[in-house]
Every structure is written in C-alpha cells, then in structure tokens.
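Chemist: To convert, note that position 303 of the sequence shown is 303 in UniProt numbering; the numbers rise steadily by one, no gaps.
Treat the hints with caution; some may be incorrect.
Said to hold, decoys possible - DEER-style ranges, computed between Cβ atoms:
| id | residue 1 | residue 2 | range |
| --- | --- | --- | --- |
| 1 | Tyr303 | His94 | 19 to 29 Å |
| 2 | Thr282 | Glu222 | 39 to 49 Å |
| 3 | Thr101 | Lys46 | 18 to 28 Å |
| 4 | Arg52 | Pro318 | 25 to 35 Å |
| 5 | Glu22 | Arg56 | 18 to 28 Å |
| 6 | Ser230 | Arg56 | 15 to 25 Å |
FYI, nobody ran anything at the bench for these hints, they're computed from the structure.
A virtual CB, placed ideally from N, CA and C, is assigned to each residue, including glycine.
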Amino acid sequence: MRALAKLAPEEGLTLVDRPVPEPGPGEILVRVEAASICGTDLHIWKWDAWARGRIRPPLVTGHEFSGVVEAVGPGVKRPQVGDHVSLESHIVCHACPACRTGNYHVCLNTQILGVDRDGGFAEYVVVPAENAWVNPKDLPFEVAAILEPFGNAVHTVYAGSGVSGKSVLITGAGPIGLMAAMVARASGAGPILVSDPNPYRLAFARPYADRLVDPLEEDLLEVVRRVTGSGVEVLLEFSGNEAAIHQGLMALIPGGEARILGIPSDPIRFDLAGELVMRGITAFGIAGRRLWQTWMQGTALVYSGRVDLSPLITHRLPLSRYREAFGLLASGQAVKVILDPRA
Numbered sequence: 001m002r003a004l005a006k007l008a009p010e011e012g013l014t015l016v017d018r019p020v021p022e023p024g025p026g027e028i029l030v031r032v033e034a035a036s037i038c039g040t041d042l043h044i045w046k047w048d049a050w051a052r053g054r055i056r057p058p059l060v061t062g063h064e065f066s067g068v069v070e071a072v073g074p075g076v077k078r079p080q081v082g083d084h085v086s087l088e089s090h091i092v093c094h095a096c097p098a099c100r101t102g103n104y105h106v107c108l109n110t111q112i113l114g115v116d117r118d119g120g121f122a123e124y125v126v127v128p129a130e131n132a133w134v135n136p137k138d139l140p141f142e143v144a145a146i147l148e149p150f151g152n153a154v155h156t157v158y159a160g161s162g163v164s165g166k167s168v169l170i171t172g173a174g175p176i177g178l179m180a181a182m183v184a185r186a187s188g189a190g191p192i193l194v195s196d197p198n199p200y201r202l203a204f205a206r207p208y209a210d211r212l213v214d215p216l217e218e219d220l221l222e223v224v225r226r227v228t229g230s231g232v233e234v235l236l237e238f239s240g241n242e243a244a245i246h247q248g249l250m251a252l253i254p255g256g257e258a259r260i261l262g263i264p265s266d267p268i269r270f271d272l273a274g275e276l277v278m279r280g281i282t283a284f285g286i287a288g289r290r291l292w293q294t295w296m297q298g299t300a301l302v303y304s305g306r307v308d309l310s311p312l313i314t315h316r317l318p319l320s321r322y323r324e325a326f327g328l329l330a331s332g333q334a335v336k337v338i339l340d341p342r343a
C-alpha cells in the first residue's frame, strides 16, 4: 500500500510502499477513503521544535480521516466490516486519574494517531476499534474526514454555559474557528464577531458572522464595543496569537467566559489580575474532544443538516500530489485540503 511517512528527522515527508497491516485483538483495519491535512501535520512536515521533541520516525502521519472497515481483529463486535467510520485520533488508557473520572480527553497517557503511532495518510491503517465512530453511509467521506477537528470546535462552543442567546467573539478564522462560527450560529448565538488578519479565510465566516474584523485594519476592541454596546459574553480563542488573546480577554464583559483552544508557539505574559481575576472572567482550556459527548453533539448537527461542513473543503488532491497539498495549506490560501489515498 502507499503511505505518506516521516522517515528521518528532517523537513518533508516521503511517499512510501508498505505492507497492508493486520488488525490485532481489539483493533480494526480501515480502508482510508479521505484524509485531511491539519496544522499538526504542517508542524511534522516542517520538523519544527515541537515535532523534533515529539515525533519518532519512521511514522505514517495523518490523524483526520475516514474510511470503510475492511477487517476486524479478535474480540471486535463493533464496528463491523463494511461500516463507514470516522476516527477519534486520541487513544486513551482508561486507567489514569483523568480517565477514571470521565475526562478521557485529557488522558495522561494519550497516544495520537499520526503523531505517536501510524496514522491515516495511507491506503489502510489499523486503529483501536473503540476509536471508530460509525457514520451513515450517505455521509460523504470528505465530510466524515473532518468530523475530528469539527469536534474541537463543538467542544469549545459548548463548554461552560454554551452560547445560546449570547454575544460571541471568535479570534482566529482557521478551519476550527470557522467551524465554531457555524456551530455558534446554529446554536442561537448572536451577535457573532469573527476576527482574523487573513482576508481569504475571514471571508469564509461571512455567512455565519454578524461582523468580520481584520485586526490589522480595525481596532478590535472598538468594533466589539460598537457592535455590542459593552463587550461580548463569550470569547472563543483559536489563533494562539498573543495579541489576539489579550484583545479577546479585554473584549469580554465582566463575568464573561473565555474558552481557549489556540496554543501559542511560545509562553506568553498576561495580567492575571487585570485581565481575569478582578473582572470575574471564567477561563476554560479546551483540549481535544470530550469522549464521546462531543461526537454525539457534533454529529447531531451534521447529520441533521444544521451544519454543512462542505463549504470549508476548498481543495481535493490525490495522495501523490501531497507536496502541492501541503503547500496550499501553508500558503494560507486554503481551509481544508483533502487527500485521496486511493487516487
């Protein structure tokens, strides 16, 4: 089979030929039909500081993908051969304090597909059966491939007191920020403001936002106060940008909620008293997807048609054109890029 792998501790990935793996006890073999490139995959491609500290080549990359169950290992009753599945990328231990208290999304021993073990940029991949989410067979594979990152958006939007009837500021219009705008709109939030300095991506938020803001062209805090009268009730932070985080926190009304998924590249400094404590701000750190509540919430939105993720899929390429695909995403002139391992 063909697979896209990190073979050596250096920049880039390599298209290789590997034997089709066999599922062991509790595992399934998935025939991959669609895989999406994530920002994490770009880090692995670039071999930056994070990748150098985490990735151990050789490794087949890719953690956002969907496909068909081709075979099951001993002891597997569900899913069944022929089922169409999306994959939860976090493999959890079920034994640590986080898992034993139901917080599987922050398992202390998490392994991630395509990061800690072989992932979905391949024609076939073996995964734990419990990580498969079975979809209706009429759901397009390319949409099913991005249910995993969609779960990050759902988790962020629904954390704390939710967003229904609340004013919301979204900082960062990358794929997950755009997905969050969709979820917030479908969940009764308003007004919704979306801020990002990339005009290409910001434009994708137009159908779901009441106000778009380019923070390089406008004063974000001034716009927020003009639109809301005082500030927003909820901040959804996806950029990881220090300036955006500071502005987002100060855009909140006293007593507001900050839900932060974006991860800064370097440690940042902020005024704990002035930005959080004395203003009564409740902050939530968002990691992954709650298992399996987030999947239930997110797929309910997609299956019912309340959220249509397909407009965010801007490019579709065969696996053999992976260099072009990674270049598109790195350029900022793409949202979700789908690779077809079978083309």
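Chemist: Is it true that the C-beta distance of Tyr303 to His94 lies inside 19 to 29 Å, as the hint says?
Modeler: Holds: the Cβ-Cβ distance is about 28 Å, inside 19 to 29 Å.
Chemist: Has the hinted range 15 to 25 Å been met by the Cβ atoms of Ser230 and Arg56?
Modeler: 50 Å, violated
Chemist: Starting from the range 25 to 35 Å, see whether the pair Arg52 and Pro318 falls in it by beta-carbon distance.
Modeler: Given a distance of about 29 Å, which is inside 25 to 35 Å, the answer is holds.
Chemist: So does Thr282 sit 39 to 49 Å from Glu222, Cβ to Cβ?
Modeler: Distance hint for Thr282, Glu222 is violated at roughly 25 Å.
Chemist: Please test the hint of 18 to 28 Å on the beta carbon pair from Thr101 and Lys46.
Modeler: 36 Å, violated
Chemist: Can you let me know if the beta-carbon spacing of Glu22 and Arg56 is within 18 to 28 Å?
Modeler: Given range 18 to 28 Å: holds, Cβ gap about 22 Å.
In this structure, the hints that do not hold are numbers 2, 3, 6, in rising order.
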